[in-house]
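A.B. asks: So you can see what is in the structure, the chains are spelled out below.
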Amino acid sequence: MNLEETEMISRCQRGDQEALKEIFDKYHKKVYRIAYGVVRQREEALDIVQEVFIKLFHSIKNFKGRSHFYTYLYRMVMNTAIDHARKTGKQFISSLDEEGSFQPSDDLEKGPERILLQKELEERVRLAMDKLPAEQRAALIFRDVEGLSYQEMAEAMGCSIGTVMSRLHYGRKRIQELLKDYVEMQSQSRGTSPVSKGQNPQKL
Amino acid sequence: MKDFCSSISKLLEKYFDQEATGKEKLLVEGHLKDCPACQDALRSMEELRTLIKTPVEEAIQKEDFPWVWQKIERDFRLQEKPTWWQSLRSWLDVSPLFKKRVWIPAVATLVVLLFITAQIFFKKIPSYSGASVVEYVESETNNVMVYDLEKAKVTVIWLFEEPEEEVSPS
Numbered sequence: 001m002n003l004e005e006t007e008m009i010s011r012c013q014r015g016d017q018e019a020l021k022e023i024f025d026k027y028h029k030k031v032y033r034i035a036y037g038v039v040r041q042r043e044e045a046l047d048i049v050q051e052v053f054i055k056l057f058h059s060i061k062n063f064k065g066r067s068h069f070y071t072y073l074y075r076m077v078m079n080t081a082i083d084h085a086r087k088t089g090k091q092f093i094s095s096l097d098e099e100g101s102f103q104p105s106d107d108l109e110k111g112p113e114r115i116l117l118q119k120e121l122e123e124r125v126r127l128a129m130d131k132l133p134a135e136q137r138a139a140l141i142f143r144d145v146e147g148l149s150y151q152e153m154a155e156a157m158g159c160s161i162g163t164v165m166s167r168l169h170y171g172r173k174r175i176q177e178l179l180k181d182y183v184e185m186q187s188q189s190r191g192t193s194p195v196s197k198g199q200n201p202q203k204l
Numbered sequence: 001m002k003d004f005c006s007s008i009s010k011l012l013e014k015y016f017d018q019e020a021t022g023k024e025k026l027l028v029e030g031h032l033k034d035c036p037a038c039q040d041a042l043r044s045m046e047e048l049r050t051l052i053k054t055p056v057e058e059a060i061q062k063e064d065f066p067w068v069w070q071k072i073e074r075d076f077r078l079q080e081k082p083t084w085w086q087s088l089r090s091w092l093d094v095s096p097l098f099k100k101r102v103w104i105p106a107v108a109t110l111v112v113l114l115f116i117t118a119q120i121f122f123k124k125i126p127s128y129s130g131a132s133v134v135e136y137v138e139s140e141t142n143n144v145m146v147y148d149l150e151k152a153k154v155t156v157i158w159l160f161e162e163p164e165e166e167v168s169p170s
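So the protein sequences, as listed, match chains R and E. Taking the working numbering as reference, the numbering of the first sequence is continuous, increasing by one, and the terminal residue is 204. Taking the working numbering as reference, the numbering of the second sequence is continuous, increasing by one, and the terminal residue is 170.
For the record, the hints were derived by calculation from the structure and aren't laboratory data. Built from N, CA and C at the ideal position, the CB exists for glycine as well. Not one of these hints is a red herring.
Chain E regions said to be covered by chain R (calculated; three or more residues, Cβ under 8 Å):
| hint | region |
| --- | --- |
| 1 | 4–16 |
| 2 | 47–55 |
| 3 | 64–72 |
Quick list of simulated restraints, FRET-style, between CB atoms:
| hint | chain 1 | residue 1 | chain 2 | residue 2 | range |
| --- | --- | --- | --- | --- | --- |
| 4 | R | E18 | E | D34 | 54 to 62 Å |
| 5 | E | T50 | R | K30 | 17 to 25 Å |
| 6 | R | E123 | E | K33 | 35 to 43 Å |
| 7 | R | E177 | E | L32 | 20 to 28 Å |
| 8 | E | E29 | R | S149 | 19 to 27 Å |
| 9 | E | E46 | R | K61 | 40 to 48 Å |
| 10 | R | K87 | E | P105 | 54 to 62 Å |
| 11 | R | L3 | E | K62 | 32 to 40 Å |
| 12 | R | D16 | E | S6 | 50 to 58 Å |
| 13 | E | K33 | R | E122 | 31 to 39 Å |
| 14 | E | E46 | R | Y170 | 15 to 23 Å |
| 15 | R | T6 | E | E24 | 34 to 42 Å |
Kindly produce the complete structure, drawing on both the sequences and the hints.
C.D. replies: Here it is as structure tokens:
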């Protein structure tokens, strides 16, 4: 935490809204990335961004500077996003149940095939992510989108590094299972035989 | 080899996440040279990362964050409870006339008028608070008590007549 940030935080702790604006300018995109990654819905992710910064302004007095500020903030984002995801959990699952099987879109004819296939795949990953427990989803976002280290993730998630690794492992494994047909297709195109279940869970 | 792949899978994940130690790196890299299945697994993790990251990055490009900040500011304004003094100031600031600070002499004039009115009003009400017994005189026939009301400039005189004596039966 640099001097400028320390000053910004202590101003915010004294109730300076201008300082909160500076924190917002610095971190809003990161907050949105995590929120969007967890809830996967634009409006809800924006609501989370708003909620997090309001919460932050009221609770920043409790920040003692023992950990990095961003892990403190990420923890707040993750908890808020997980609460939102749990509230709307039924909606996510029903969405996956309806669209779980892969059907090529009618849009395939409208543009280059490759881009559309990529979009279809992203959509499938999105649906698979929705099916993960919120903690595993958050772990994948922290690591694969935000690029946090295991230590930073453990601080942000309030758990051990072992738990972080476990969440990442099972999250990735579950997505691979949900995209099994794609895994087999990719393996054939690469000329490698798909590894049987349980031997190498990292294959997509 | 497949058994080794299975045992190395967690290390492979650590290697992919750039969390492996020097020794672990050497072990994984040594294995990867001769294992197409683990090379494939590594590529798959990379693809999955791209698939997770891309939609999030695309979504962020479309957002208008200044608008979100405006919502936060508005929320703060709604949450803040103004003090009585701020309420009075904001109430007085509603009129453009008050914004010119005309309200200061106006309020002063009002206070003076209220004070004068109160003085007139209270003077008309007689007060008996200063009443006191000035004199009490006893005689054989009557008792007299004199009250002097200082503020009202009134003197009250009570005359107590003795009750007629009852005739006792003999």
